[in-house]
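Asker: Assemble chain Y onto chain W, guided by the hints.
Just so you know, the sequences run in chain order W and Y.
Number 64 in our numbering belongs to position 64 of the first sequence; there are no gaps in the numbering.
Number 461 in our numbering belongs to position 461 of the second sequence; there are no gaps in the numbering.
To be clear, the hints were calculated from the coordinates, so they are not data collected in a lab.
Any given hint might turn out to be false.
[To be verified] With the C-beta cut set under 8 Å, the calculated list includes, among others, these residues of chain Y facing chain W: (1) ALA101; (2) ARG330; (3) ARG364; (4) THR408.
[Unchecked claim] Using C-beta positions, here's what the derived DEER-type ranges look like: (5) Y:ALA137 with W:LEU100: 53 to 63 Å; (6) W:LEU162 with Y:ASP443: 31 to 41 Å; (7) Y:ARG387 with W:LEU162: 31 to 41 Å; (8) Y:ALA235 with W:PRO146: 23 to 33 Å.
Because the structure is a prediction, the values reported are computed rather than measured.
Even for Gly, the Cβ is constructed at its ideal location relative to N, Cα and C.
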Amino acid sequence: MISIEPVAAPGAPLARRNPVAKLAAALVFSFILLATLDPVAPALALAVELAVLPLFGVRYRVLARRAWPLLAGAAGILVTLVLFAADRSGPVLLDAGPVLVTSGVLVTALGLVLRLLAVALPGVIVFATTDATDLADALVQNAKAPARFAIGALAAFRLVPLLEQEWQMISMARRARGVDAGRNPLAKLRLFGSTAFALLVGAIRRGTRLAVAMDARGFDAGVPRTVARPQRFGLADGLLVAGAGLVAGAALTVSVLLGTFRPLLG
Amino acid sequence: MSEVVLRGFGWRHAGRKRWAVRGLDLRIERGERVLLLGPSGAGKSTLLAALAGLLAEDSGEQEGTAEVDGLDPRKARERVGIVFQDPESQLVMARSGDDVAFGLENRGVPAEEIWPRVDEALHRVGFPYRRDRPTAALSGGEQQRLALAGALALRPDLLLLDEPTANLDPAGAALVRTAVARATDDDTTLILVEHRVAEALPLVDRVVVLAAGGGVRADGPSAEVFARHGDALAAEGVWVPGRTVPQRQAGGPAGYLLLTADRLGLPPRLGPTDLRVRAGEALAVLGPNGAGKSTLALLLGGLLRPGTGTATASAALAGRDARTPPHRWRAPALTRRIGSVFQDPEHQFVTGTVHDELALGPRRTGQPEPAVRATVDALLERLGLSRLAGANPYTLSGGEARRLSVATALATAPRLLICDEPTFGQDRRTWLALVDLFAELRDAGHGIVTVTHDADFVAALADRTVTLERR
Numbered sequence: 001m002i003s004i005e006p007v008a009a010p011g012a013p014l015a016r017r018n019p020v021a022k023l024a025a026a027l028v029f030s031f032i033l034l035a036t037l038d039p040v041a042p043a044l045a046l047a048v049e050l051a052v053l054p055l056f057g058v059r060y061r062v063l064a065r066r067a068w069p070l071l072a073g074a075a076g077i078l079v080t081l082v083l084f085a086a087d088r089s090g091p092v093l094l095d096a097g098p099v100l101v102t103s104g105v106l107v108t109a110l111g112l113v114l115r116l117l118a119v120a121l122p123g124v125i126v127f128a129t130t131d132a133t134d135l136a137d138a139l140v141q142n143a144k145a146p147a148r149f150a151i152g153a154l155a156a157f158r159l160v161p162l163l164e165q166e167w168q169m170i171s172m173a174r175r176a177r178g179v180d181a182g183r184n185p186l187a188k189l190r191l192f193g194s195t196a197f198a199l200l201v202g203a204i205r206r207g208t209r210l211a212v213a214m215d216a217r218g219f220d221a222g223v224p225r226t227v228a229r230p231q232r233f234g235l236a237d238g239l240l241v242a243g244a245g246l247v248a249g250a251a252l253t254v255s256v257l258l259g260t261f262r263p264l265l266g
Numbered sequence: 001m002s003e004v005v006l007r008g009f010g011w012r013h014a015g016r017k018r019w020a021v022r023g024l025d026l027r028i029e030r031g032e033r034v035l036l037l038g039p040s041g042a043g044k045s046t047l048l049a050a051l052a053g054l055l056a057e058d059s060g061e062q063e064g065t066a067e068v069d070g071l072d073p074r075k076a077r078e079r080v081g082i083v084f085q086d087p088e089s090q091l092v093m094a095r096s097g098d099d100v101a102f103g104l105e106n107r108g109v110p111a112e113e114i115w116p117r118v119d120e121a122l123h124r125v126g127f128p129y130r131r132d133r134p135t136a137a138l139s140g141g142e143q144q145r146l147a148l149a150g151a152l153a154l155r156p157d158l159l160l161l162d163e164p165t166a167n168l169d170p171a172g173a174a175l176v177r178t179a180v181a182r183a184t185d186d187d188t189t190l191i192l193v194e195h196r197v198a199e200a201l202p203l204v205d206r207v208v209v210l211a212a213g214g215g216v217r218a219d220g221p222s223a224e225v226f227a228r229h230g231d232a233l234a235a236e237g238v239w240v241p242g243r244t245v246p247q248r249q250a251g252g253p254a255g256y257l258l259l260t261a262d263r264l265g266l267p268p269r270l271g272p273t274d275l276r277v278r279a280g281e282a283l284a285v286l287g288p289n290g291a292g293k294s295t296l297a298l299l300l301g302g303l304l305r306p307g308t309g310t311a312t313a314s315a316a317l318a319g320r321d322a323r324t325p326p327h328r329w330r331a332p333a334l335t336r337r338i339g340s341v342f343q344d345p346e347h348q349f350v351t352g353t354v355h356d357e358l359a360l361g362p363r364r365t366g367q368p369e370p371a372v373r374a375t376v377d378a379l380l381e382r383l384g385l386s387r388l389a390g391a392n393p394y395t396l397s398g399g400e401a402r403r404l405s406v407a408t409a410l411a412t413a414p415r416l417l418i419c420d421e422p423t424f425g426q427d428r429r430t431w432l433a434l435v436d437l438f439a440e441l442r443d444a445g446h447g448i449v450t451v452t453h454d455a456d457f458v459a460a461l462a463d464r465t466v467t468l469e470r471r
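Chain W with its partners taken away, still in its complex shape (with noise of 0.2 Å):
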């Protein structure tokens, strides 16, 4: 199952806050941590995202479970790294025949892995915390994203987890005609590209009809929409983005100041 729902408790204090909020947070601290290639100022930043997780309402446990094909990436890039980069300098930490292992080599990997995981968590956290429609309604209330993108958008959505369902029908129903693969890697292949076009034959039909309902209903009809949820963007979002951009410089001015700090640029 495709999980959309947001795992948060909803009380949570920074959980509450707008979700452009949240959005402009997560991107505003990602993008400042990109400047740099050291370990040490993602090791920082990570510390801090994991402090404030509790704030969230995100238990350690549920982020795990959710972020786990993060994990599974950074856990192979740091393997593949250690293993096979070029780069084989400083003192030697292990060395079991064909697998040689310097200080060097670990730093770049482990440098890498973390900036991973430090830039990708803070969007985890925002997805884990905010619930779909709430995104949209602030995206247009507070971001003046046009509503029919965003509400759009919202509704094709809610349309995903039935792909999954409609998969397993089609891949059954042509299963009772009597046709399946085997052991044929092409047939297999075939097979699986005519069951994707079924796939998006149905989910063009029911879009389309979806769209049509909207339509009835007024959607994007030209008259100036109303809304029934109002978002507020007050002073504790806009501390939570500066706040964001805070924590962010400072990581890196720890970087600069132990003198590991080594720019993306230049």
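Answerer: Relative to the frame of chain W, chain Y by itself:
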């Protein structure tokens, strides 16, 4: 209250040769409640779309005029509400209350009025949950009630209902009909399209029947229309109230064993179920929505791996393959022995023409080309699809698509046929053809399992029933 006037109205969708609807002269007074009938393809849905102002001027060609309160319907859209057939594709928001509010926001209703009007609309349709109930957690009948509330919140003078109960089980359909009765008052003009006439009649005071070739076939109070045109309408596929259906139970006892289900289940969708299917019998699987009937059909059809228990084919059905469970057979072997007909016919279509669709199974199972041709021609003839042999399966009407999906399952002559709601939303003519076809197959020694809510179908055909309980 709205008044509808049609003068020589016709509409042809861009790129089509045939007029979807043509030559319509009709006047519907303010506050009237009209049941709109007609054979499939007579243009009922197109007419409703036109009245809702949903046919853009550049999307086709118009003849004559259609007016709502003297206005072009495209300019009278805020007076009209419409509810469609499929609940999945007309709910927009994730929470029930937000969905009703959606239309109010679009029309620019002042924010402080929105929630009171949402609550009022939900109350009028008898919606049993709070506003924050996820729309995905609602049953089909509840979703249609919500869609009705979404239309009513806009306080339409003209309410159009396009087969709002066609995709629902009897309990869900009753929910929606009750909601329509509760929610409409003398101020609302109502136009309803519905196949199940007997159930819809209490909601209306006038019946209009469209003719297949265009124009109005019959018009008047329902008793009068059915007294005068009942026989002809029934022959055209309208479910005229009070007509009996034929009894087609098996003449003799059931034959040899085909398939045994031993504590067969798939938690949480279906609990352990015991079942035997024999040749020459029609078995109906009944039970409320959510009891796992469709899951049972997929398990029996060898399409899902069981979570508990086993499905075992008899040697008479599968020969030496009887030692392996059906879900592990290769697809061509499966389709020769067990045919499955899905609830949504379009899921099963794989090719570009009706002819190829029927030829697919026989070809996959290695029949020689002359035999394939003979099978295809016989099925086309038998199910009245000959003139559609070159048509794309996706362009067929609901009844045609259903007949084709049954025919595709028959093309490989499986001993056991498993059907999920084969009569859903069918007009009387297709319904009778399906009962005849299944009865003939059964009498020729096939085993037939149907998952169904259709009490008439069970009464007409089933030799035995199994009822699943809600879990």
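Asker: Each hint should be assessed against the structure and marked as holding or not.
Answerer: Consistency of the hints with the structure:
no.: 1; hint: ALA101; in the structure: holds, 4 Å
no.: 2; hint: ARG330; in the structure: holds, 6 Å
no.: 3; hint: ARG364; in the structure: holds, 4 Å
no.: 4; hint: THR408; in the structure: holds, 7 Å
no.: 5; hint: Y:ALA137 with W:LEU100: 53 to 63 Å; in the structure: holds, 57 Å
no.: 6; hint: W:LEU162 with Y:ASP443: 31 to 41 Å; in the structure: holds, 40 Å
no.: 7; hint: Y:ARG387 with W:LEU162: 31 to 41 Å; in the structure: holds, 34 Å
no.: 8; hint: Y:ALA235 with W:PRO146: 23 to 33 Å; in the structure: violated, 53 Å
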